[in-house]
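A.B. asks: First to last, the sequence lines map onto chains A and B. Residues in the first sequence are numbered consecutively from 1, following the working numbering. Residues in the second sequence are numbered consecutively from 145, following the working numbering.
In case anyone wonders, no lab produced these hints; they're calculated from the structure. Please note: incorrect hints may appear among the correct ones.
[Stated by the list, open to error] Between beta-carbon pairs, the in silico distance windows are:
(1) B:K195 x A:D45: 38 to 46 Å
(2) A:K107 x B:K195: 18 to 26 Å
(3) A:D40 x B:A288: 39 to 47 Å
(4) B:A237 x A:G69: 24 to 32 Å
(5) B:I180 x A:G4: 29 to 37 Å
(6) A:E105 x B:R179: 34 to 42 Å
(7) B:Q175 x A:P72: 45 to 53 Å
(8) A:E102 x B:P155: 31 to 39 Å
(9) A:P18 x B:P200: 20 to 28 Å
[What the hints assert, rightly or not] Heads up, simulated DSS-like pairs for lysine-lysine below, C-alpha to C-alpha not over 25 Å straight-line:
(10) B:K234 x A:K12
(11) A:K106 x B:K275
(12) A:K12 x A:K47
(13) B:K276 x A:K107
(14) A:K12 x A:K107
(15) B:K234 x B:K273
(16) B:K195 x B:K234
(17) B:K276 x A:K106
(18) A:K106 x B:K196
(19) A:K97 x A:K12
(20) B:K195 x B:K250
(21) B:K273 x B:K250
(22) A:K107 x B:K196
(23) A:K58 x A:K25
(24) A:K107 x B:K195
(25) A:K97 x A:K63
(26) A:K97 x A:K47
(27) A:K12 x A:K63
(28) A:K106 x B:K273
(29) A:K47 x A:K58
(30) A:K25 x A:K63
(31) B:K275 x A:K107
(32) A:K12 x A:K106
(33) B:K234 x A:K107
(34) A:K97 x A:K58
(35) B:K250 x B:K276
(36) B:K234 x A:K97
(37) A:K58 x B:K234
(38) A:K58 x A:K106
(39) A:K25 x A:K106
(40) B:K234 x A:K106
Note that the coordinates shown come from a computational prediction; the quantities given were computed from them, not determined experimentally. By construction, the Cβ of each residue, glycine as well, lies at the ideal position given by its N, Cα and C atoms.
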Amino acid sequence: MATGRYVTDLDKGDVLGPIDYTMSKFVVREYCHANELHQDCFQNDVKFAPPTLVHLDKLRLYKVACPAGTGPTARVHYEYDATIHAPIPVDVPLRAKGTVTERYEKKGRQYVVMEIDLRTAAGAPLVTYRDTVILAYKQDGGAQ
Amino acid sequence: MSPGTEFRLAPRLMTRERMRWYVDIQETVQQDTGRIVTQPPTIHDDDAYAKKQGLPGIISDGMVSTNWILGLLVDVFGPDAATRGRLRTKYIAPIYEDQAVIACAKLASVTNDAGNAVYDLEVWCEDDKGKKLTVGDARVYAAAR
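Generate coordinates for the entire structure from the input sequences, incorporating the hints supplied.
C.D. replies: Below is the structure:
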């Protein structure tokens, strides 16, 4: 178990969360504004969130499970892979849980794969998200 | 709409502002106070910090590219593109300040699922010289077009 300190400590089998929150219309509109998603469904008649917002559940989970922060090196996002089962509703209690499924080294860089399960608090599945990060851009130790 | 059909957004420059918008939205979303919340320096908005991490300068967060691809899919297929299906993106090259980025999609196949069409697409972002920066694929469930 490598939770409790830095993100760079995370290892296969670690479970992050679950955490509970509610997606607000403010969050959807601001996130979409920041990403230039100006479609009506994201700015005016807001009933669901863009599925890409699941990526920020990773940061919510890190904050709880890795309270000391990122660690000695900056992470680099490598892959986003989300399967959307149903729209992410606004103003409905949600629950997100993360499981580290892989940690491996490739060309001197450490990769961590986390699967995030987002569902309503009542248990309806919404998104299954597989996130891959590189723990340090520099090979063999990043900024250390 | 048949296999081989290609869609693309107009080129956008990955400006410093666009990178910072994504940096600051992250804490804003998590705190959800109704105000913008800024972050400490990151590789996406602080040159000195990025260089310390081995980069030549700030680079875009990959999720900006992913969201631009999502926006293209919503433009083409409507809100259905954001409510069921799949999107996978891999960031194969860093995107630097003021680099041109074009979000693209190409229809690979159309099948039928209980009366709805299932669209499988190749998706990517490229620069103004055609170099791919982000690659991936998507599945969209929507009415037949």
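A.B. asks: Decide, hint by hint, whether the structure agrees.
C.D. replies: For each hint, the structure was consulted:
no., hint, in the structure
1, B:K195 x A:D45: 38 to 46 Å, "holds, 44 Å"
2, A:K107 x B:K195: 18 to 26 Å, "holds, 21 Å"
3, A:D40 x B:A288: 39 to 47 Å, "violated, 22 Å"
4, B:A237 x A:G69: 24 to 32 Å, "holds, 28 Å"
5, B:I180 x A:G4: 29 to 37 Å, "holds, 30 Å"
6, A:E105 x B:R179: 34 to 42 Å, "holds, 41 Å"
7, B:Q175 x A:P72: 45 to 53 Å, "violated, 26 Å"
8, A:E102 x B:P155: 31 to 39 Å, "holds, 36 Å"
9, A:P18 x B:P200: 20 to 28 Å, "violated, 39 Å"
10, B:K234 x A:K12, "holds, 21 Å"
11, A:K106 x B:K275, "holds, 24 Å"
12, A:K12 x A:K47, "violated, 36 Å"
13, B:K276 x A:K107, "holds, 21 Å"
14, A:K12 x A:K107, "holds, 19 Å"
15, B:K234 x B:K273, "holds, 19 Å"
16, B:K195 x B:K234, "holds, 23 Å"
17, B:K276 x A:K106, "holds, 22 Å"
18, A:K106 x B:K196, "holds, 22 Å"
19, A:K97 x A:K12, "holds, 15 Å"
20, B:K195 x B:K250, "violated, 36 Å"
21, B:K273 x B:K250, "holds, 18 Å"
22, A:K107 x B:K196, "holds, 20 Å"
23, A:K58 x A:K25, "holds, 20 Å"
24, A:K107 x B:K195, "holds, 20 Å"
25, A:K97 x A:K63, "holds, 13 Å"
26, A:K97 x A:K47, "holds, 23 Å"
27, A:K12 x A:K63, "holds, 18 Å"
28, A:K106 x B:K273, "violated, 29 Å"
29, A:K47 x A:K58, "holds, 22 Å"
30, A:K25 x A:K63, "holds, 23 Å"
31, B:K275 x A:K107, "holds, 23 Å"
32, A:K12 x A:K106, "holds, 16 Å"
33, B:K234 x A:K107, "holds, 17 Å"
34, A:K97 x A:K58, "holds, 9 Å"
35, B:K250 x B:K276, "holds, 14 Å"
36, B:K234 x A:K97, "holds, 23 Å"
37, A:K58 x B:K234, "holds, 17 Å"
38, A:K58 x A:K106, "holds, 22 Å"
39, A:K25 x A:K106, "violated, 40 Å"
40, B:K234 x A:K106, "holds, 16 Å"
When the structure is compared with the earlier hints, violations turn up for hints 3, 7, 9, 12, 20, 28 and 39 and for no others.
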